[in-house]
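*Asks:* Listed below are the residues making up each chain.
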Amino acid sequence: MSESPPPVDDTTETVKKLYDVAVTESKGQTVLHPSRDSYHDLIQLLVGEGYDVCVDLCGADHLGNATRVLPMTIEPERFELIVNLLDVHTPRRLRIRVQVPESDPVVTTISDVHPGAEAMERETNDMFGVCFQGHPDPTPILLPDGWEGHPLRKDYAMGRIPVQFKTVEGR
Amino acid sequence: MTKLDHLRNRDAVLRMSESEAEERASVVDPDDERMIINMGPQHPSTHGVLRVTLELQGETVLRSKPIIGYLHTGMEKTAEDLTFLQGPTNVTRMDYASPLFTELTFSLAVEALLEIELPDRATWIRMLMCELNRMSSHLLFLATNGMDLGAVGMMIYGWREREEILRFFEKVTGLRMNHNYIRPGGVAVDLPDGWRQDVERILEILPERLEQFDVLMTGQPIWRERTQGIGIITTDEALALGATGPVLRSTGFAWDLRRAMPYLAYDQVEFDIVVGTYGDTFDRYAIRLNEIRESMRIVEQCLELMPEGPYRVEDRKVTPPPRARINESMEALIHHFKIFTEGFKVPPGEVYTAVESPRGELGCYLVSDGGPTPQRMHIRAPSFANLQTLPHMMHGGLLADAIAVISSIDPIMGEVDR
Numbered sequence: 001m002s003e004s005p006p007p008v009d010d011t012t013e014t015v016k017k018l019y020d021v022a023v024t025e026s027k028g029q030t031v032l033h034p035s036r037d038s039y040h041d042l043i044q045l046l047v048g049e050g051y052d053v054c055v056d057l058c059g060a061d062h063l064g065n066a067t068r069v070l071p072m073t074i075e076p077e078r079f080e081l082i083v084n085l086l087d088v089h090t091p092r093r094l095r096i097r098v099q100v101p102e103s104d105p106v107v108t109t110i111s112d113v114h115p116g117a118e119a120m121e122r123e124t125n126d127m128f129g130v131c132f133q134g135h136p137d138p139t140p141i142l143l144p145d146g147w148e149g150h151p152l153r154k155d156y157a158m159g160r161i162p163v164q165f166k167t168v169e170g171r
Numbered sequence: 001m002t003k004l005d006h007l008r009n010r011d012a013v014l015r016m017s018e019s020e021a022e023e024r025a026s027v028v029d030p031d032d033e034r035m036i037i038n039m040g041p042q043h044p045s046t047h048g049v050l051r052v053t054l055e056l057q058g059e060t061v062l063r064s065k066p067i068i069g070y071l072h073t074g075m076e077k078t079a080e081d082l083t084f085l086q087g088p089t090n091v092t093r094m095d096y097a098s099p100l101f102t103e104l105t106f107s108l109a110v111e112a113l114l115e116i117e118l119p120d121r122a123t124w125i126r127m128l129m130c131e132l133n134r135m136s137s138h139l140l141f142l143a144t145n146g147m148d149l150g151a152v153g154m155m156i157y158g159w160r161e162r163e164e165i166l167r168f169f170e171k172v173t174g175l176r177m178n179h180n181y182i183r184p185g186g187v188a189v190d191l192p193d194g195w196r197q198d199v200e201r202i203l204e205i206l207p208e209r210l211e212q213f214d215v216l217m218t219g220q221p222i223w224r225e226r227t228q229g230i231g232i233i234t235t236d237e238a239l240a241l242g243a244t245g246p247v248l249r250s251t252g253f254a255w256d257l258r259r260a261m262p263y264l265a266y267d268q269v270e271f272d273i274v275v276g277t278y279g280d281t282f283d284r285y286a287i288r289l290n291e292i293r294e295s296m297r298i299v300e301q302c303l304e305l306m307p308e309g310p311y312r313v314e315d316r317k318v319t320p321p322p323r324a325r326i327n328e329s330m331e332a333l334i335h336h337f338k339i340f341t342e343g344f345k346v347p348p349g350e351v352y353t354a355v356e357s358p359r360g361e362l363g364c365y366l367v368s369d370g371g372p373t374p375q376r377m378h379i380r381a382p383s384f385a386n387l388q389t390l391p392h393m394m395h396g397g398l399l400a401d402a403i404a405v406i407s408s409i410d411p412i413m414g415e416v417d418r
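Read top to bottom, the protein sequences are chains S and P. In terms of my numbering, the first sequence has 39 at position 39, counting the first letter as 1, and numbering is strictly consecutive. In terms of my numbering, the second sequence has 201 at position 201, counting the first letter as 1, and numbering is strictly consecutive.
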């Protein structure tokens, strides 16, 4: 089980003060819930706090998920952007969850702060249709060019593309 | 942000869409000596189906872009349809050279959500199997790396040694690959009779063979010429690009999750983190070769310290009852039936777990909505992140060296594309 920082350490205190970001804890791991507007600045600020590796960035579709627990101040939206940050100097992790509305799925890119997020943002764009403003190369990465739809959305049904089976001659 | 300026100003990444690249490739401008060519996805040195669009000036690589997705089969979508118990059958197919690690990170995530404590023996069996898997994965790397650079003999030897370990896996799990052995709640079956002798035999034959590899490859002038000073990356660049594993360690940065954030029982065993100095292709080769030796040390300690006891949790809501109990207990039969038909329910929540796979940080982000299937399952694939270092490593190098660089990242396309 990956270790995570204690629920409240210096960093989360600083972040709380500076940005008034809601902090929760999930299975011993610290989670920050910034708003969409403060998300980019928060990532930038956290680099200064030591979280200089963006280890993972992915999306999630919470359509029909009634069990999600969010802080009172956070309005739940259909999509979520999850960023896992890592501090390699004093081993600790931090997770950031940003609510992304279905009507306007646009988030500022963090690839200017973490170049490693570039491919991950492209993947999130493919899979959920979340656009990243200011992304240097917003082309599809895992899907072919011109693919319609976003496969990891909950309303994208499995098996919606019919598979053609060939009949065997002479039977 | 001065650390990153260098990375940005280098202009190593070819940022254009496929159609744009095609257009550029067809226009012939006599004054422009640059040209765009395509390598792969069927090129034998691309580890499956990696395709790279290269911008060349003569023999020099200027900009490049890895084009991936040829093996994309929507495994994260499939995971949302499978129960937590069926999950490992799916994730094990991602990194097919080290399948046990993906099973492990997935199982750890499920166990974190369930908040169950594993029996000691399960933990140590997992560790033993994972370290053996690390050895087999690195042996496969030595084989393919040798093949890519023209040392075809190495390919035969690497595969041969790997086979010894796969034979042990077959005995334990029933399969050479895609084991579905590590499951939420423990492991599928206990180690078979005579496992100790089998592991001891592997530990006995490998050191001698590794020394042969040293003679065949490490000390050989042609090999060193071909790999030293090729595909250099610095620590800051590797960290900025999210690279982990041997790619990051080759720069001299000792980052290993087994040491930094111990999981399983890695805090109870002794081993060294192997690091490089120059961040070049040779360092990445040497790290993997020596990591086999470190893994052997851990396996030796596993043999010594392997505790007795149950190999999975005794919670009948999570793991099925023993086969013998089903014949005599109605309750056992019901538990068995329930687990395999509708699966067990996992309390709502979200968690991220990470393990050190042979390629780097292998993470699993798991969200449960309280049902028997995940709401969202995302695998953080180390090869996916490591591939982003490729344009930076190849920039300014020769086209022939591009093959050496791709090989030294050791990407497994199954996990890149998922």
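No lab work stands behind these hints, which were simulated from the structure alone. These figures come from a predicted structure and were not determined experimentally. Among these hints, one or two may not hold up.
BS3-like, lysine-lysine: derived pairs with alpha carbons at most 25 Å apart [as the list claims (entries may be wrong)]:
hint : chain 1 : residue 1 : chain 2 : residue 2
1    : P       : 345       : P       : 77
2    : P       : 338       : P       : 77
3    : P       : 317       : S       : 154
4    : P       : 171       : S       : 27
5    : P       : 345       : S       : 27
6    : P       : 345       : P       : 317
7    : S       : 27        : P       : 317
8    : P       : 317       : P       : 338
*Asks:* Which of the stated hints cannot be reconciled with the structure, identified by number in ascending sequence?
*Replies:* 3 and 4
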